[in-house]
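Based on the sequences and whatever the hints tell you, model everything.
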Amino acid sequence: MDELAINMAAERALVEEHLDRYLKFPAGCPERLQEALRYSVLAPGKRLRPLLVLMAARACGGKTADAFPAACAVELIHTYSLIHDDLPAMDDDDLRRGRPTCHRQFDEATAILAGDALIPLAFEIICRDSSSPEIAARCCHQLAIAAGATQLVGGQVDDLAAQFHAMDLEKLEQIHLRKTAAMIAVSLSLGAITASATEVQRETLEKFGKNLGLAFQITDDLLDLQGEEVKMGKRVRKDRDLGKLTYPAVLGSQDSSRLANLLVDDSIKLLEGFGDGAEPLISLARFVVSRSR
0 MDELAINMAA
10 ERALVEEHLD
20 RYLKFPAGCP
30 ERLQEALRYS
40 VLAPGKRLRP
50 LLVLMAARAC
60 GGKTADAFPA
70 ACAVELIHTY
80 SLIHDDLPAM
90 DDDDLRRGRP
100 TCHRQFDEAT
110 AILAGDALIP
120 LAFEIICRDS
130 SSPEIAARCC
140 HQLAIAAGAT
150 QLVGGQVDDL
160 AAQFHAMDLE
170 KLEQIHLRKT
180 AAMIAVSLSL
190 GAITASATEV
200 QRETLEKFGK
210 NLGLAFQITD
220 DLLDLQGEEV
230 KMGKRVRKDR
240 DLGKLTYPAV
250 LGSQDSSRLA
260 NLLVDDSIKL
270 LEGFGDGAEP
280 LISLARFVVS
290 RSR
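Sequential numbering from 0 applies to the sequence shown in numbering that gives the first Met the number 0.
The hints are simulated quantities; they were obtained by calculation from the structure and are not laboratory data. A virtual CB, placed ideally from N, CA and C, is assigned to each residue, including glycine. Do not take every clue at face value.
What the hints assert, rightly or not - Once the Cα atoms are required to be at most 30 Å apart in a straight line, the calculated DSS-like pairs of lysine-lysine come out as: (1) K243 with K170; (2) K45 with K23; (3) K206 with K62; (4) K268 with K206; (5) K268 with K62; (6) K62 with K209; (7) K209 with K45; (8) K45 with K170; (9) K209 with K268; (10) K206 with K45; (11) K243 with K45; (12) K268 with K170; (13) K209 with K243; (14) K268 with K45; (15) K206 with K243; (16) K62 with K23; (17) K206 with K170; (18) K62 with K45; (19) K209 with K170.
As the list claims (entries may be wrong) - Each pair of labels, with its calculated beta carbon distance range: (20) I111 with P25: 14 to 24 Å; (21) E107 with A143: 23 to 33 Å; (22) G60 with R290: 23 to 33 Å; (23) T149 with E198: 12 to 22 Å; (24) K23 with A136: 23 to 33 Å; (25) V199 with F24: 39 to 49 Å.
Have a look at this one:
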């Protein structure tokens, strides 16, 4: 895990260098909007999704350099979703990544528009900087589906609709396969695409990502219940106050933890055909359920 942490820190720094360059805009971008974009995207974060893009690319024999546009694009889409999720009309959060949320630091209109601006920027980066037009088109297609009405956005709609309503495990899983797991799964899929992997490899990594995404969500739910605000960088124990449906609420904490570990074990088995190239993904999967923030 120490080696993983060192490698993740190095790659996280590279991702942030790329993001910093992508967030320097030509004349025409209002200064306040640029401030809000940089404030939100460059805030300290795990960068889990871009790291997964890079790791998946290497697992398929690709070059990290070819994967950076997709890695940055998925982080921009993720950040847009956080900005909008934090708004008063959604989760009404005032703390994100250890500091005030975008709408608290600026205002609601600026936050909405900052989120809006990140979506086309993500696709602009893929279209302009991918290694070939074919790879750019495939990445745009996969990312658009994952971030769209049937996946990320649809999952958020159903999550909001489920507040203060009883629901079974199957329905809870369906929400988070879309709201959380879709963006993690597409990160792995994008990495495979940038490496010109086979369709079997891409689909296998996507399945790995879905399991990992659910395990990540379960751990997030447990941390909201048991974690510390200073470590998490966001308000804790808010899900219960909002009447949100969570895994601990449905299964209890112990069974939720057991399910998260089972999902990670199942996801690791999927990587057997990738050999040593999958070791970073295996280590990261284990980290997901052991993290404290």
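Status of the hints after comparison with the structure:
1. K243 with K170: Since the Cα atoms of K243 and K170 sit roughly 13 Å apart, the hinted pair holds (cutoff 30 Å).
2. K45 with K23: Cα-Cα ~22 Å, so holds.
3. K206 with K62: holds, 22 Å
4. K268 with K206: Between K268 and K206 the Cα gap is close to 11 Å, so the pair holds against 30 Å.
5. K268 with K62: holds, 24 Å
6. K62 with K209: holds, 24 Å
7. K209 with K45: Given pair K209, K45 holds - Cα atoms ~18 Å apart, limit 30 Å.
8. K45 with K170: holds, 28 Å
9. K209 with K268: holds, 13 Å
10. K206 with K45: holds, 22 Å
11. K243 with K45: holds, 24 Å
12. K268 with K170: holds, 25 Å
13. K209 with K243: Holds, at about 21 Å.
14. K268 with K45: holds, 25 Å
15. K206 with K243: holds, 26 Å
16. K62 with K23: holds, 25 Å
17. K206 with K170: holds, 19 Å
18. K62 with K45: holds, 22 Å
19. K209 with K170: holds, 15 Å
20. I111 with P25: 14 to 24 Å: holds, 23 Å
21. E107 with A143: 23 to 33 Å: holds, 26 Å
22. G60 with R290: 23 to 33 Å: holds, 29 Å
23. T149 with E198: 12 to 22 Å: Hint holds: Cβ distance 21 Å, inside 12 to 22 Å.
24. K23 with A136: 23 to 33 Å: holds, 26 Å
25. V199 with F24: 39 to 49 Å: holds, 40 Å
Violated hints: none; the structure is consistent with every hint.
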